[in-house]
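S.K.: Chains as they are written, first to last, in this note's numbering: chain A, 1 to 280; chain B, 1 to 387; chain C, 1 to 287.
Honestly, the hints are just simulated from the structure, not real lab data.
Predicted, not measured: the structure shown is a model, and the values here were computed from it.
Among the clues, some could well be false.
Label pairs and their calculated CB-CB ranges [stated by the list, open to error]:
| id | chain 1 | residue 1 | chain 2 | residue 2 | range |
| --- | --- | --- | --- | --- | --- |
| 1 | A | ARG81 | B | GLN119 | 44 to 54 Å |
| 2 | C | SER55 | A | ALA171 | 33 to 43 Å |
| 3 | C | LEU156 | A | ARG81 | 51 to 61 Å |
Covered by chain A, according to a simulated footprint, are these stretches of chain B (three or more residues, beta-carbon under 8 Å) [as the list claims (entries may be wrong)]:
| id | stretch |
| --- | --- |
| 4 | 62-69 |
| 5 | 92-104 |
| 6 | 231-242 |
The beta-carbon is built from N, C-alpha and C at its ideal position, and this holds for glycine as well.
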Amino acid sequence: MDAYLTSLATFVAINVTLALGLNLITGFCGQVSLGHAAFFGTGAYAAALVTTGGFPFAHGVAAAILAAGLLGLVVGLASLRVREDFLAITTMGAGFLFLGFVRKQDWLGGEFGIPGIQPPFAPEGMAVLAILSAILVWLASIAVRRSWMGRIFMAIARDEEAASSIGIDTARFKLAAFLLGTMSAGLAGAVYAHVVQLIVPDAFGFIQSITILAMVVVGGIGSNLGAVLGAVLLTLLPEMFRFVDTYKLLVYGGLLILVMHLSPDGLVGIGRRLLRAVRR
Amino acid sequence: MATRRLVTGLLLGTATVLAGAWIPGAGAAESIRIGFHAPLTGFAAGDGKSARLGAELAVEQINAAGGVLGRPLELVTYDDQAKPDQAVPVANKLLGEGIRAAISGSYSGATRAAAAVFQQAKMPYLSAYAIHPDITRTGEYVFRTASMGEVQGRGGAKLIGEILGRKKVVLITLDNDFGQSLARGFKEKAGDFGIEILNEYTYSIKQRQFGAIVASVKRDAPEAIYASGYFFTAGPLVSQLRAGGVRATIVGQEGYDSQNFIDIAKAAAEGVLITTALDRDSDRPEVRTFIEAFEKKAGFPADMVAASTYAAVQVLAQAFERAGGTDGAAVREALAGTRDFPTAIGPITFNALGEIYKPIQVQVVKDGRFRRYAVIDDPVLLAPPAE
Amino acid sequence: MFYFELLVAGLVQGAMYAMMALGLTLIYGLLRILHIAHAAVFTLGGYVGVLAANSGLPLAAAAALAVLAAAAAGPVVYGTVYRPLLDKPPYVALIASIGLLIAMEDGFRLLFGPYGLSFAENPWFVSGPDLGGIFLNWVQIALGLSALVAIAGLGLFAVGSRTGVAWRATVDDPEIAMSFGVSPERVRLLAFALASALAGLAGFLVGLLNNLIEPGMGNITSYKGLAIVVLGGLGNVPGTLWASLLLGVAESFGTIYLDRILDRDAIAFFILVVVLMWRPQGLARGR
Chain A
1 MDAYLTSLAT FVAINVTLAL GLNLITGFCG QVSLGHAAFF GTGAYAAALV TTGGFPFAHG
61 VAAAILAAGL LGLVVGLASL RVREDFLAIT TMGAGFLFLG FVRKQDWLGG EFGIPGIQPP
121 FAPEGMAVLA ILSAILVWLA SIAVRRSWMG RIFMAIARDE EAASSIGIDT ARFKLAAFLL
181 GTMSAGLAGA VYAHVVQLIV PDAFGFIQSI TILAMVVVGG IGSNLGAVLG AVLLTLLPEM
241 FRFVDTYKLL VYGGLLILVM HLSPDGLVGI GRRLLRAVRR
Chain B
1 MATRRLVTGL LLGTATVLAG AWIPGAGAAE SIRIGFHAPL TGFAAGDGKS ARLGAELAVE
61 QINAAGGVLG RPLELVTYDD QAKPDQAVPV ANKLLGEGIR AAISGSYSGA TRAAAAVFQQ
121 AKMPYLSAYA IHPDITRTGE YVFRTASMGE VQGRGGAKLI GEILGRKKVV LITLDNDFGQ
181 SLARGFKEKA GDFGIEILNE YTYSIKQRQF GAIVASVKRD APEAIYASGY FFTAGPLVSQ
241 LRAGGVRATI VGQEGYDSQN FIDIAKAAAE GVLITTALDR DSDRPEVRTF IEAFEKKAGF
301 PADMVAASTY AAVQVLAQAF ERAGGTDGAA VREALAGTRD FPTAIGPITF NALGEIYKPI
361 QVQVVKDGRF RRYAVIDDPV LLAPPAE
Chain C
1 MFYFELLVAG LVQGAMYAMM ALGLTLIYGL LRILHIAHAA VFTLGGYVGV LAANSGLPLA
61 AAAALAVLAA AAAGPVVYGT VYRPLLDKPP YVALIASIGL LIAMEDGFRL LFGPYGLSFA
121 ENPWFVSGPD LGGIFLNWVQ IALGLSALVA IAGLGLFAVG SRTGVAWRAT VDDPEIAMSF
181 GVSPERVRLL AFALASALAG LAGFLVGLLN NLIEPGMGNI TSYKGLAIVV LGGLGNVPGT
241 LWASLLLGVA ESFGTIYLDR ILDRDAIAFF ILVVVLMWRP QGLARGR
């Protein structure tokens, strides 16, 4: 396969993994997070530390999932105290804190990041790995969605107070959503680190967080298929827009506004309406 | 419904565009294609613009003079937003478009990410001005036409301690790989020149307000300040230091090297010294041609980024000539064998790692322009690492 | 003396945060929108000001133009981007706001170039009153005064004027306000105009202070502004002022003393997280 398409497919798959993870938190459970890149970064750093330390890649992946999940639990616990808009800003704060901390840590390479991360496979192999990870998270998300846990998540997203009034321990389920979502981000981070082969703090900043959120929302918040579509579209968008060259970001920003206006439930919403129109 | 039609149209449109974007560009068959990536959008777009103009100028001049091996050069340019995750697909895209070599007009993160791709494809690759130490360590196909940060930092120590004779120094360090490697080199050699470092402050690239640092520097009362930064941080920093009453000599580096720095700091910029690659008062023809042609093409004075990218294209062109073809391995050999090749940023010789030694130009701001102050030509002090 | 200088530097910085955060808090209070694109309005003020000043207008006139342009832009942003989204979940407006910020930032870059613009003459920056050892230039003084005037003005306006009362009624309950003949739409337009005027003035003054107007100059300030809004107790005007000043001073001292541990831009969020753990409703008491 063409090297360009291979690398594109790899990044699409990584972003799909990220978007599906965030969709678990924000889509299913209604907890808007503006700091998802911090968990992505945690995974990337953990995996890089482990494999550059001479351990096998599988250990790196395990460490990434563990570390990101652990941080997810901490942030999740912290965010139990706040709700809605407070939560969005708190998670945004968690993102900035992560970055501000990593930048100053010599053992994480500080501003220089961690170089020389050896990929376990050739680029094609890494693409397959990234796609398999994305599919794994997708299947897991579908399973969650169909389970009793998924139904409770949706209940919390719809009306948290009503959910707790019928005896649902909302805190536990919110934590579960955070844990699952951030573990997926950790997995994506491990793959990312070994594809790019170097990681720098800037790759995990606020812009990355809102890009992931935009994928979820543009695709159709709360829908697994939507998260996948959103991630595919927004990752390929800059590539498609190479012809508009310097206007790329202008078009990207404009498109976000447009989608929110035409279809706040995203691409999936457009699809649903089209289907309904066809059936009629 | 109108809205629905609009949406369908939009989707169809993007699909068409998508299909179109994936057809490899069909250029003139006989031209030699050079891949080029730079940040054309996003926060680093200023440097990206300078880099692109510099590279285009070199290509135009080379083609006007008959091209390389009798064939014209063709620059294939893509935007990387200075991001590693954009640089990897861009590098792969370039590889798929029949390039014979590639040049980075971008920052360290994107350059390191792309370097790994080009090294694996055994494609000769030059970093024009990204300074991260690990770039050339990616492999034998990766070269750099800029002085490393550490090397420039050592030059800064010699400038302050020996040439200027200032011994009490405060460091104001930009918190990124550029600033950190400059500070590393400076501190490594400061003792050799009798410099006492009173204090070091750091700031982030987003910072423009330096009130707290100015107050602290006033308390430290240094004889000189070694402050790293780019024109957009250094301009506000220098004007706020001066406005706050700090009179110490300020020494900067090639990040300052843009007329924009002087436009921002105005009178406060007068007397600021920088260590850089471009000598405005050089009488060497290769430097004069560049400075004049660039200002004519761009409409603003040349800067270090443009000069370095321009030089990178020239270095690559002579390597094609000496290799007598465009075979990757042969071009790599020719690049590695480059000795004293004259460019706008001085004569270029690569060492075993693909790093260059070149004298450091010290420029001073005088009457609103950069002017020659001194040249530090010290092959021992300024030797780049060879492995 | 040194500590006093740090304090002053922090207060000036805090005044800038206040100018940004006040607008954000007004808008949040009325509409519950996290208006991240406020940063672009701030930047607009900077660009209009620098273009006006460089075309030969006196600085005071350029400032007035910057404020007017921003004040006009605010209601336009509300009408085109936010109004159609008011009945949607809050993240919809948030994503639209992010899209607007990205598009406007790049629009500035395309229109005015990637290098940014500088004032040809910057007399307010290079001169200032003699305050006995502390050097403050006129721009810093203007920034501090504007923040104070804005706070005092908002306070008087909210308590003393008819529109102010209508405003508070709209915040409390738009439907009841409407039944008393208050038009919530007019109040919202007014809020956007006021908030944007403050941001535009701040953008202009910060432009003078940096002598550099850049496409993304407002971004980090608006992110921190959102943190301040939460710290101050969402929608609470005096709380916002206190939180802004607290953050400015904390950053000023943090730049010197926390240098090795935490990036300066993370200090705001460190305070935010700590405070929220301790008082989930923010520093000030809820309204």
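S.K.: With reference to the structure, classify each hint as holding or not holding.
M.R.: Now the hints, each set against the structure:
ARG81 (chain A) and GLN119 (chain B) have their C-beta atoms about 49 Å apart, which keeps the hinted 44 to 54 Å range intact. Distance hint check for SER55 (chain C) and ALA171 (chain A): the Cβ-Cβ separation is about 59 Å, which falls outside the suggested range of 33 to 43 Å. Evaluation of the 51 to 61 Å hint for LEU156 (chain C) and ARG81 (chain A) yields a failure: the beta carbon distance comes to about 36 Å. Restraint check on the stretch 62-69 of chain B versus chain A: 0 residues with Cβ-Cβ distances below 8 Å, three needed, restraint violated.
Restraint check on the stretch 92-104 of chain B versus chain A: 4 residues with Cβ-Cβ distances below 8 Å, three needed, restraint holds. With 0 residues carrying a beta carbon less than 8 Å from a beta carbon of chain A, the stretch 231-242 of chain B misses the three-residue requirement, and the given coverage is violated.
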